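Each chain, written out:
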Amino acid sequence: MQLTTPLAIDAQRLSKSFSSTDGEISLFKDLNLQIHKGESVAIIGPSGTGKSTLLSLLACLDTPTDGTVSLAGVDLNSMQQQQKAQWRSKNISFVFQSFHLLPELSALENTQLPLDIQGHADSEQQAKHWLEAVGLAPRISHFPAQLSGGEQQRVAIARAFVTAPSLLFADEPTGNLDTKTGDNIIELLFDFSAKTQATLILITHDVHLASRCDRMFNLLEGQLTEVIK
Amino acid sequence: MSPVWRLASRQIRSQWRRSDWLTLMLSLFMMTTLVTLLTTTSDRLYSSLTQQSAEIMGADLVLRSQQRIAEDKYQQALAAGLQATRVTQFISMAEGNENNVLSTVRAVSSPYPLLGVIKTEPPEHSGIPEKDTVWADKSLLSRLGLNLGDSLFLGYSEFKLSRILIDSPDRGTGFANFNPQIIMRSDQLEATGILAPGSRANFRLLVSGEQPQIIALQQQWKSTLVKGQRLINARDDRQLNNNSVSNASRYLKLSALLSLLLGAVAILLSLQRYSSDQRTRSALLLSLGMTPRQLLIIYSMQLVSGWLIAALLGTGIGLFLHQLIAVQMSEFIPHISDLSIASIITSPLLALAILFILGLPTLLPLGKISILQMLRKDSSVTGSRWHYLSCALLLLVAISLYMGSVLLALVITGLLLSLGWIAGFLAQHIIVALVKRLQGRIALTPLLKLRLRQQRHWHRLQAGVFSVLLAIMAVLFFVRNDLIEQWQGQIPKDSPNHFAINIQPWEKDRLQSWMSTQQLAAKLYPIVRGRIIAINQQSIGSALSKEQAQTHALHRELNLTWQQQLSDQNSVIAGTWNPDIAGVSIESRLSENLGLEVGDVLGLTIGGQLLEAPITSIRQVNWESFKPNFFLIYTPKLLEQYPLTYITSFNIPEQQRQKSTLLVRAFPTITLIDIDKIFKQAQSIIAKLADSATLVMLLTIISGMLMLLTILQQELAQRRYEGALLQTLGASERQTRQLDILEFCLLGITCGSIAAVVAELLLAIMSVRFFDLPVSAHPMLWWSLPLIATITFTGIGNLVRGKLTLADCYTLLKAS
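In order, the protein sequence lines correspond to chains A and B. Heads up: the first sequence runs through residues 1 to 229, numbered per my numbering. Heads up: the second sequence runs through residues 1 to 816, numbered per my numbering.
Any given hint could turn out to be false.
Cβ-Cβ distance ranges computed for the label pairs, FRET-style [said to hold, decoys possible]:
{"no.": "1", "chain 1": "B", "residue 1": "I702", "chain 2": "A", "residue 2": "D75", "range": "34 to 44 angstroms"}
{"no.": "2", "chain 1": "B", "residue 1": "L729", "chain 2": "A", "residue 2": "G48", "range": "20 to 30 angstroms"}
{"no.": "3", "chain 1": "A", "residue 1": "F190", "chain 2": "B", "residue 2": "G316", "range": "54 to 64 angstroms"}
{"no.": "4", "chain 1": "B", "residue 1": "I702", "chain 2": "A", "residue 2": "L220", "range": "26 to 36 angstroms"}
{"no.": "5", "chain 1": "B", "residue 1": "V304", "chain 2": "A", "residue 2": "Q83", "range": "29 to 39 angstroms"}
{"no.": "6", "chain 1": "B", "residue 1": "L729", "chain 2": "A", "residue 2": "H205", "range": "35 to 45 angstroms"}
{"no.": "7", "chain 1": "B", "residue 1": "R13", "chain 2": "A", "residue 2": "S19", "range": "40 to 50 angstroms"}
{"no.": "8", "chain 1": "A", "residue 1": "T179", "chain 2": "B", "residue 2": "D277", "range": "29 to 39 angstroms"}
{"no.": "9", "chain 1": "A", "residue 1": "T179", "chain 2": "B", "residue 2": "L725", "range": "26 to 36 angstroms"}
{"no.": "10", "chain 1": "B", "residue 1": "F320", "chain 2": "A", "residue 2": "S19", "range": "40 to 50 angstroms"}
{"no.": "11", "chain 1": "B", "residue 1": "W458", "chain 2": "A", "residue 2": "S19", "range": "26 to 36 angstroms"}
{"no.": "12", "chain 1": "A", "residue 1": "G48", "chain 2": "B", "residue 2": "L308", "range": "42 to 52 angstroms"}
{"no.": "13", "chain 1": "B", "residue 1": "G316", "chain 2": "A", "residue 2": "D75", "range": "56 to 66 angstroms"}
Honestly, the hints are just simulated from the structure, not real lab data. These numbers come from a predicted model, not from an experiment. C-beta atoms are modelled at their ideal positions from N, C-alpha and C, and glycine is treated no differently.
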């Protein structure tokens, strides 16, 4: 990835701490991270080090105790809640470990839901296109309960890409899947990210998976260090 | 269709498969069904009662007087846009076929009556008797041996008997209305020469029309009433009080209040569980770009749709059940008034209000939920202060609506909340103490102790809510039983079904011997008529306050008697009854109204002579005993020199009915009153009321069970998770089930015992405050409530818990 491309995420001197009965607990302090547009970045680290918290700060879901985060040059934390939500829905997508599909909607309806919410007229065509791309064309009318775990995650990926996001956050996307299915899912994620020029931020504890990203960072004891492949 | 609406409609359909939503809807349905049934039935009972009362009086407002009523009163009523008519009623001898019978004559003019209808044979629909004719009761015809078309003499006038009176409103009060009745035209009254100045008669001005004008006229006349005048509004609460039907109506309202509370608690808990389960879903929708407003619209639509189905269905079923009861009631309340729109829509609107007031504070936070919820499993839901405050306020509003008093509502809400809080706190401590006692006796005690620590918040809530609700349900059950017992107690078996009055002293011995040959047991009471005119040597005008002076008993002649020993239906509550010390015993309510105490001296005028006697005792009288009862009972000798008649009551068994005809033939001057009809009607009312009360009770119990189910479902997930964990650590399915059962048993016994204490207290308060019943202990409560609570807790708990196989455990733990 060329370092001349604009920054998708620019986190400066990021700190997060919590107050507890034993005093202030600092999760991390003065973290700096720059991710370029179209880049894929993995954040690895053992459980409890704050990977998910870092993801929530980078996606502007949570506010840092200190420091700033800009997404594509925009400081979301200075925005009103409503504006922030709107910006996020147009530019960011998430893929979660536990799929989170709405049980009463079919695969197609689940996929077209974000476009429907945004009021797109061609939501159905778009959704069909992405379901076809993830290999679920014959199963578009099936409900989540009728799909396997891998298939559900594929619907979730189609749903994530249907809005053509510039940023995709994936939190342990293969955590609930077996290795083979997980590999297929990762394949799809990388493939689509590359095709759509989306920036992919992957949270995982699987080094093998992380190594497929352009860059890899290790979050350990509050420090973020880049792992040179 | 917009995506929000589309998603909402999908969500609405799919959520019906969720147990938390189903419980919420079931609670809503039960609440609306019960509240609709109870509100409509109670309203219909009440309005039928007032209507019936008006029809018995023949008018909405009656001015009664012992003197002629001034013309201006009549004109005032007409000027107020009301209908008015005058009635003169007096007792006179009717003569025919060379026989005489003492009769009560009503002289009326058109229009008459203003409410209700006079039923005659042959039927007559156009008002009052034609000129030179009268209508008379069948008993008069049979006593005089007359037929329709024969002549009947009243005073100097001769009339033709044109109709037989079957039933008529405005019969008058007291024993006068038990004489055979005659209706004549008032324009022919003077010619009879019966009423001379000073003759005893009752003059009435009947008024009818719209309530606001009636009330205004009542207010206007109230201050102008003179001695011997009384104003009665048919819709006045006093007319309706202390009546089985009004008690039933009040019982229904109280049951409705309980249903409302049960429903509100169940709805609140189901909503909490529901909203807690909706957190992830809301976070997902927000992450997909939905705005909090759109989210709120979806959930509001879901609530409204749920309300439309559950509440409207509930209202429909409630109305259907009400119709079933109404059909039963139609036998004893013939005038089934139409249901008011207000009584039909109260329940569904109340349900909607409850759903939104309780629902919005639970669902609003979902719009603010962080998408972080998707990353971290943070399922703790904390209710806001506003939430709890709104719940308390809602309780207050609901109770205010039903009680019609804010102060009373405040007291009841405060009482219920503090009772719940204390009960919960107490239960938790009792359970811990009980478990300590089980230490070493039951192998599961260590696990049970852990369970208690982990469930302590739930136990406090469950025990608080359940103890109070169980107590209230027990109260409803026992009040129902007490009411039925009271109603049935009013008509003891073999109680007198006939009264005989106007028995002259010279007929007394002959009558007694005739009755003993007929094997009729009867006690004769002497009657002397007198009027209270002085208290402690002062005229009643100066001795009493203006309000006290209004007491009805002061404005008419009272029936006085003397007795050696007070009869059974009297119980002395102050002073003593000693027949050797000259004095008078006064009925307690009259003494209360006049502010009289033992030692005060009552002055009465009897036949123009003054009789003064000190009050030596105050008595409570069972007025419903169907025996002769008296406001004043004198010691013997004081009354003996006055002119007197006798009264008696006795029971003629069904198969010996002919004895009443024999009696009337043998003693033509005696007035015989057959109260068997009144009896049968009363018995039928009681049976029907008891049936209705049982139905209400059953429905309330179902509601209570549903509420318990909701409470137990609240921590079901936690319970199953813990069970699964224990089983994977080596405990057997049987052991985890035993642990649950042990916990439920402890909860049941404790809640039941606390509920028994609370119920006994509430019963005592309510007996005195609402139903005018004597306070009594209910030993059945002490064993039945703990037993019922234990069975219910264990049964429903087991049902909710379900079976937990080892395979289930792994799935459960993996998903957590």
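Do the hints match the structure? See the list:
In this structure the supplied range 34 to 44 angstroms is violated for I702/B paired with D75/A, their Cβ-Cβ distance being about 59 angstroms. Judged by the Cβ atoms, the range 20 to 30 angstroms given for L729/B and G48/A holds: they are separated by roughly 24 angstroms. The hint said 54 to 64 angstroms for the Cβ distance between F190/A and G316/B, and at roughly 59 angstroms that hint holds. Look at I702/B against L220/A: about 60 angstroms separates their beta carbons, and that is not inside 26 to 36 angstroms.
At roughly 30 angstroms, the beta carbons of V304/B and Q83/A sit within the given window of 29 to 39 angstroms. Between L729/B and H205/A the beta carbon distance is about 27 angstroms. The supplied range of 35 to 45 angstroms is therefore violated. Remark: the range hint 40 to 50 angstroms for R13/B to S19/A is upheld by a beta-carbon distance near 45 angstroms. For T179/A paired with D277/B, a C-beta distance near 32 angstroms keeps the hint of 29 to 39 angstroms intact.
Take T179/A and L725/B: their Cβ atoms lie about 28 angstroms apart, and the range 26 to 36 angstroms holds. A beta carbon spacing of about 59 angstroms between F320/B and S19/A contradicts the range 40 to 50 angstroms that was offered as a hint. The hint said 26 to 36 angstroms for the Cβ distance between W458/B and S19/A, and at roughly 29 angstroms that hint holds. Restraint check, G48/A to L308/B: a C-beta distance of roughly 48 angstroms satisfies the suggested window 42 to 52 angstroms.
As the Cβ distance of G316/B to D75/A is approximately 57 angstroms, the hint placing it in 56 to 66 angstroms holds.
Of the numbered hints listed earlier, those contradicted by the structure are 1, 4, 6 and 10.
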